[in-house]
Each structure stands twice: as C-alpha cells, then as structure tokens.
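Trainee: Sequence:
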Amino acid sequence: MSVLAVIPPISALRPLLPGRGSLRRYSALLCIGLLTLAGCSQHQPSVSAEKPAVVKARVQHLLPPAVRDKAGWSEDIYQAFSHQKLSPSAQNLCAVIAVAGQESGFNADTPVNGLPAIAMKEIYRRAAALYIPQFVVDTALKIPSPDGKSYAQRLHSVRNEQQLSAIFDDLIGTVPMGQRLFGNLNPVHTAGPMQVSIAFAEQHAAGYPWPVDKTLRREVFSRRGSVWFGTLHLLGYPVDYPSMIYRFADYNAGWYASRNAAFQAAVMQLTGRRLALDGDLIRYDGDGVGSTEKAVLSLQSRLGISVSSLRHQLTLGEDPEFSQSTVWKQVFRLADKQNGRPLPRARLPGIELESPKITRQLTTAWYAERVNTRYRQCLARVNPSLHSHSDLCHT
Numbered sequence: 005m006s007v008l009a010v011i012p013p014i015s016a017l018r019p020l021l022p023g024r025g026s027l028r029r030y031s032a033l034l035c036i037g038l039l040t041l042a043g044c045s046q047h048q049p050s051v052s053a054e055k056p057a058v059v060k061a062r063v064q065h066l067l068p069p070a071v072r073d074k075a076g077w078s079e080d081i082y083q084a085f086s087h088q089k090l091s092p093s094a095q096n097l098c099a100v101i102a103v104a105g106q107e108s109g110f111n112a113d114t115p116v117n118g119l120p121a122i123a124m125k126e127i128y129r130r131a132a133a134l135y136i137p138q139f140v141v142d143t144a145l146k147i148p149s150p151d152g153k154s155y156a157q158r159l160h161s162v163r164n165e166q167q168l169s170a171i172f173d174d175l176i177g178t179v180p181m182g183q184r185l186f187g188n189l190n191p192v193h194t195a196g197p198m199q200v201s202i203a204f205a206e207q208h209a210a211g212y213p214w215p216v217d218k219t220l221r222r223e224v225f226s227r228r229g230s231v232w233f234g235t236l237h238l239l240g241y242p243v244d245y246p247s248m249i250y251r252f253a254d255y256n257a258g259w260y261a262s263r264n265a266a267f268q269a270a271v272m273q274l275t276g277r278r279l280a281l282d283g284d285l286i287r288y289d290g291d292g293v294g295s296t297e298k299a300v301l302s303l304q305s306r307l308g309i310s311v312s313s314l315r316h317q318l319t320l321g322e323d324p325e326f327s328q329s330t331v332w333k334q335v336f337r338l339a340d341k342q343n344g345r346p347l348p349r350a351r352l353p354g355i356e357l358e359s360p361k362i363t364r365q366l367t368t369a370w371y372a373e374r375v376n377t378r379y380r381q382c383l384a385r386v387n388p389s390l391h392s393h394s395d396l397c398h399t
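To convert a position in the sequence shown, counted from 1, into this note's numbering, add 4.
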C-alpha cells in the first residue's frame, strides 16, 4: 500500500496516528530459542544481550531470498531495534520484514504507473478544498524550478513518490507565497519502504537517533528513516493482542484500532445500533458527536457512569489506559453476560481503504491478512514447521 493517500494517509486512515502521552513500549519475547518454540512472555523492552553481528545475521536469514542489499537492510533494522530497545526475536523481526514486504517489496523507489495524472488530480482536489482556484495552481506550476524545468514539466515526467515530494519541497521554497499556497498540497503523505506516515514521524521525531537531512520528510524517504519510524509505529506501543495480525491492522488503521473496534462491537451488541467498526471512539474533526459516542452515552444508566466521565474516558481511545478504564470494563461485563461468553478484545477494523491509486475495494482486514501471510512465510524461514500457524503467541 502506498502513495497519495487521501487525508489521512493510507497507512493511517484515522485523523492522525495515535501517540499522546509517553511511549511505553514493550514487545513480546518469542521463545523460539534455537528454533524451538518453548513458550511466550510479555514485558517491557530491554537492551538485547546479543551481539550486533548475531542479530544482523538473523535478519539476513529472515529476509526473503530475492531482497537486494540484505546487509543494508539488516543494518537498518538492527539499528531501529537497538535504539528503540526492542527484543530482536524472530517474531518481532518478521513483523517488520512482513510490513516492509507488503508496503514496498523492499523497494522504496518503485515507479508508479500513471503517477503524473494521479498527482495532478490530487493536487487540484486539495487546492479546491482550500478554495485555491485551478488557474492559480497552473500559473505557479509554470514557474521555472531550480533545475531549469518548469514545475509542470517536472510533474508530467515524475516516476516515483520521492521525486514528487522533492518537487513540492522546491515549489514551497521558491514560488512566492509557496508555503501559503502549496504547503498543504503535497499529495505524498507516506514515504519510504515501510510507507510511514510523515505526520507520525513528525509527532515522534524526538527519539530519532540520526542527524536530519534538511527535513524530516526527506529522512522518512530514506530506508533507515522509514525502517526506524515504521518499527516504532508497528512495535512501539503496548498492547495485549492474541495475534500479531492485530498489530498489522493497527499499522494500517492507527494505534489501538483493533482494540477499539472490539469495544465498538461490544457497544453495538448492547445497543443494537449499527456502528462503523473503525476504531474511532470520538469524532476527530470536532464536528458534533460521533455514532460510537452516542451509542455509549445511551448506555449511561446501565453503565453507572456520569456523562462527563464517559466523554472523558472515550478520549482515551488512542492511549493504552483505555483498556483499564471503567467504561471498557463495564461495557464488556454487560456484553459478555448478554453474549453468554466473553467477546473478543481485539477485532480487525472494518475500514475501507481510500487512495487515488486504489481501483478496487480493499479493507484494513485485507491488508492485515496480506501482511500476516508474509509474516508466516518469514517465520517459516526460522522453522519450516511453523509455516502452518497463523501466529505463535501473544504480542
């Protein structure tokens, strides 16, 4: 999945990728010691005692055979895990490898068919949304760019996302009122081989370990930057999912989307109201009260929680604390009782993917299943007998 995602980007179809509060990361330690599954445990991350050469060799072994520059990939993945203090278990490494494979096929500069037409259509759409007339856009694009060609000429010959983003960097920096007119028109909102949301990277730039090459956007286009932020997005938040597939769904839909979709399903069962199981517990555009919030408020007397407290607790939907909240516990207590047995605490979100590039109906569940297939293939390179298992232990 990639490019030109309509706001928000395709790898994060929620308003902005979650990340309020401190990042308390932990990762599941896969106990496939010496290629034998012995058991599983969860705890806060710690610095691996393994030597860098051992971890890098493991990454190279786990990468698909056709990947070029395995040494470079293993170095960047090792650095991401080391700086973020994540366990370099086969499970965690395969999760990152699976996402990179799905997002880019390990090639960040893959040519995009029809990109000039896609780009211009999206530029005009964004300009119209900001009430910028098309003739203003066309006039600005006729101005010569630093390489001597007009911006229109460069756009009409663009082949990949990095080239397209670079055109906008030049446009914003050289055209009069460029930032004001075009600052929000760059249609590239995800970048690099892991197609990381640039908005996510900007929100979590504080821990980035390398000097930034002019702009953070440029860093995210690099392999090391995309791998670093992609690993953080995938593994850098605490969850108690029964399968890695839910992290894959969250990578596409936003942190805790799978957990929140399960909560929405429980609310839907209690109220009988049809809800979009998208993981959004409140409206992020500030335009009124969302359907999930309305449904929860209708349960106020049964939950025994004040309206003000309910509203506050629903704002925790992007935080790990939500699963410890009173509304979470009470909703599932009632829903489990009504259902006759415990409901799942994680569910693949029912989000339909949107992007100028997508020409068929795709969903977050489809995305997660595709990544999960790559994940199982990666684990099979650790131990072929594991290929038939959809997952190995909690993450």
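These are calculated hints, taken from the structure and not from any lab test. Note that the structure is a prediction, hence the values are computed from the model and not measured. Check the hints yourself; a few may be wrong.
To be verified - No more than 25 Å apart at the CA atoms, straight line, and that leaves these computed lysine to any residue pairs for SDA-like:
hint, residue 1, residue 2
1, K333, L366
2, K341, S313
3, K55, N387
4, K74, A61
5, K298, G354
6, K125, K74
7, K153, P115
8, K298, P348
9, K125, P346
10, K341, L279
11, K218, D174
12, K298, P346
What the hints assert, rightly or not - Each pair of labels, with its calculated beta carbon distance range:
hint, residue 1, residue 2, range
13, L301, W214, 22 to 28 Å
14, A132, G109, 31 to 37 Å
15, W214, G292, 38 to 44 Å
Note that CB positions come from ideal geometry on N, CA and C, so glycine has one too.
Trainee: If a hint holds in the structure, say so; if it doesn't, say that too.
Mentor: Hint check results:
1. K333 / L366: violated, 32 Å
2. K341 / S313: holds, 23 Å
3. K55 / N387: holds, 22 Å
4. K74 / A61: holds, 10 Å
5. K298 / G354: holds, 19 Å
6. K125 / K74: violated, 37 Å
7. K153 / P115: Satisfied, since the Cα-Cα distance of roughly 21 Å is no more than 25 Å.
8. K298 / P348: holds, 22 Å
9. K125 / P346: With a Cα-Cα distance of about 48 Å, the restraint between K125 and P346 is violated, given a limit of 25 Å.
10. K341 / L279: Since the Cα atoms of K341 and L279 sit roughly 20 Å apart, the hinted pair holds (cutoff 25 Å).
11. K218 / D174: holds, 12 Å
12. K298 / P346: holds, 24 Å
13. L301 / W214: 22 to 28 Å: Between L301 and W214, where Cβ atoms are some 46 Å apart, the hint is violated.
14. A132 / G109: 31 to 37 Å: holds, 34 Å
15. W214 / G292: 38 to 44 Å: Holds, since W214 and G292 (Cβ atoms, about 43 Å apart) stay within the stated range.
Hints 1, 6, 9, 13 from the list above are not met by this structure, while the remaining hints are.
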